[in-house]
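*Asks:* The residues making up each chain are set out below.
Protein chains: 2
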Amino acid sequence: MKGGQIMNTNVLRNLSYGVYVISTLDGTRPTGCIANSVMQITSSPVTVALSMNHDNFTNSCIRNTGKFAVSILSIESNPTLIGTFGFQSGKNVDKFAKIPYETKEGLPIISDSCGYMVFKVIGETETSSHTIFLGELVDGDIYGETEAMTYSYYHKVIKGTSPKNAPTYIPEEDKPEQSNAKKEIWKCTVCGYEYDGDIPFEDLPESYECPICGQPKSVFEKI
Amino acid sequence: MKGGQIMNTNVLRNLSYGVYVISTLDGTRPTGCIANSVMQITSSPVTVALSMNHDNFTNSCIRNTGKFAVSILSIESNPTLIGTFGFQSGKNVDKFAKIPYETKEGLPIISDSCGYMVFKVIGETETSSHTIFLGELVDGDIYGETEAMTYSYYHKVIKGTSPKNAPTYIPEEDKPEQSNAKKEIWKCTVCGYEYDGDIPFEDLPESYECPICGQPKSVFEKI
Chain A
116 MKGGQIMNTN VLRNLSYGVY VISTLDGTRP TGCIANSVMQ ITSSPVTVAL
166 SMNHDNFTNS CIRNTGKFAV SILSIESNPT LIGTFGFQSG KNVDKFAKIP
216 YETKEGLPII SDSCGYMVFK VIGETETSSH TIFLGELVDG DIYGETEAMT
266 YSYYHKVIKG TSPKNAPTYI PEEDKPEQSN AKKEIWKCTV CGYEYDGDIP
316 FEDLPESYEC PICGQPKSVF EKI
Chain B
116 MKGGQIMNTN VLRNLSYGVY VISTLDGTRP TGCIANSVMQ ITSSPVTVAL
166 SMNHDNFTNS CIRNTGKFAV SILSIESNPT LIGTFGFQSG KNVDKFAKIP
216 YETKEGLPII SDSCGYMVFK VIGETETSSH TIFLGELVDG DIYGETEAMT
266 YSYYHKVIKG TSPKNAPTYI PEEDKPEQSN AKKEIWKCTV CGYEYDGDIP
316 FEDLPESYEC PICGQPKSVF EKI
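For the record, the sequence lines run as chains A and B.
Just add 115 to the spot in the first sequence (first one is 1) and you have my numbering.
Just add 115 to the spot in the second sequence (first one is 1) and you have my numbering.
Looking at chain A on its own, in the form it has when it is part of the complex (with noise of 0.2 Å):
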């Protein structure tokens, strides 16, 4: 930032990343939620380093436990998973409740990822609003051979304008005729997701959710 000159932190965005279910215990409560930020460290014995939010209920869990597990989402893996740990705290809603799961070393893994790691927690280093655990691997397994999600595939493919999984109840046969006008986009506010559907928003079944996140019609804002 030399003479003044501004830098343009847009350049973070092109940093990559994977997309993550990090799970923990809270008592013996399975809870979780979405990261991206983990890496490896060491390969004798194998490391890893997470980055989470102090606020982030899963943190002070984390801590408690002293164990957490990262199931890797890929490219097939339900987006609505994204929208069940990554847009509600574990502290007030049981995210488990109706996520297929299974335990391994007494921690929930997601079923519907690419693979899981479990890890003891080493070591942690505090900064003024994350805690980067460092974990050692004391189990993992590969799911199947699906391509891992990145963060840049998650924004542009399926929060993108053109989702992979858009609703199914819309028949082909009842997409309006393309007009001239200029397409409403509606936003869910909870997650971020918007609506450019051909279908015109209002016209969209009472029962219509975000396929993100999983909330009802009513929290979409047209912007």
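In case anyone wonders, no lab produced these hints; they're calculated from the structure.
Beta carbons: idealized from backbone N, C-alpha and C, even for Gly.
Be aware that a few hints might be false.
[To be verified] Here are the computed distance ranges between Cβ atoms for each label pair:
hint	chain 1	residue 1	chain 2	residue 2	range
1	B	Arg-178	A	Ile-314	58 to 64 Å
2	B	Arg-128	A	Val-334	54 to 60 Å
3	A	Thr-124	B	Arg-128	29 to 35 Å
4	B	Ser-204	A	Asn-207	48 to 54 Å
5	B	Ile-338	A	Glu-260	22 to 28 Å
6	A	Glu-217	B	Ser-226	26 to 32 Å
7	B	Ser-159	A	Val-334	23 to 29 Å
8	A	Thr-143	B	Gly-259	31 to 37 Å
9	A	Ile-121	B	Arg-178	28 to 34 Å
[Unchecked claim] Listed next, the in silico SDA-like pairs over lysine to any residue satisfying Cα-Cα at most 20 Å (straight line):
hint	chain 1	residue 1	chain 2	residue 2
10	B	Lys-235	A	Met-122
11	B	Lys-271	A	Glu-191
12	B	Lys-271	A	Met-122
13	A	Lys-271	A	Glu-191
14	B	Lys-235	A	Glu-241
15	A	Lys-271	B	Glu-262
16	B	Lys-182	A	Thr-242
17	A	Lys-271	B	Ser-267
18	A	Lys-271	A	Thr-195
19	B	Lys-271	A	Glu-241
20	B	Lys-235	A	Lys-271
21	B	Lys-271	B	Ser-244
22	B	Lys-182	A	Thr-124
23	B	Lys-271	B	Glu-191
24	A	Lys-235	B	Met-122
25	A	Lys-235	B	Ser-244
Start from chain A and add chain B according to the hints.
*Replies:* This is chain B only, laid out in the frame that chain A set:
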């Protein structure tokens, strides 16, 4: 690993990373290396964590200068950058000798990238083999709109059997007719690149160089 089960550490390959040139100074001389392990930690101020092996010459140079830069390689960056910065030590080689670069905050930045960031070191955490540097952003900008290269993309597209940047000096009309004989694969012993082009490896000109690390034909071995 309860009950003597063996864990599958291959699951670590499903973590997602980018491909970065980490640069700094050796005294006044620009130097650097390739790294994948960079992630944002806090947003106010902006900090990242960088993991760097103790054995890496760049590690001691970052300690001495107290700052480092991250140049983000894009899918259009010349893959020889990975060979130049990833498969030799900056202790013995002037890695920037033939590489176009700019200087930001006193540090060398790769021009052929999709953006850069400069950090001052504000913290260090030691592990058995790696240092985790915590860096605070002091400058950064985006170059163009090209997509960032992921580690997965590097392995599958560039280093894989269908390299995007195959040697261009092999004209299409020189290609021999396909035979039923099993194709031989030759591997670069320096960077691991595998040649399985249509022209038999022995028939490539003596001036052939590994498209990834730039090493001569003589370092290849048949596998």
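*Asks:* Tell me, which hint numbers fail for this structure?
*Replies:* The structure breaks hints 2, 6, 8, 12, 19, 20, 21; every other hint is satisfied.
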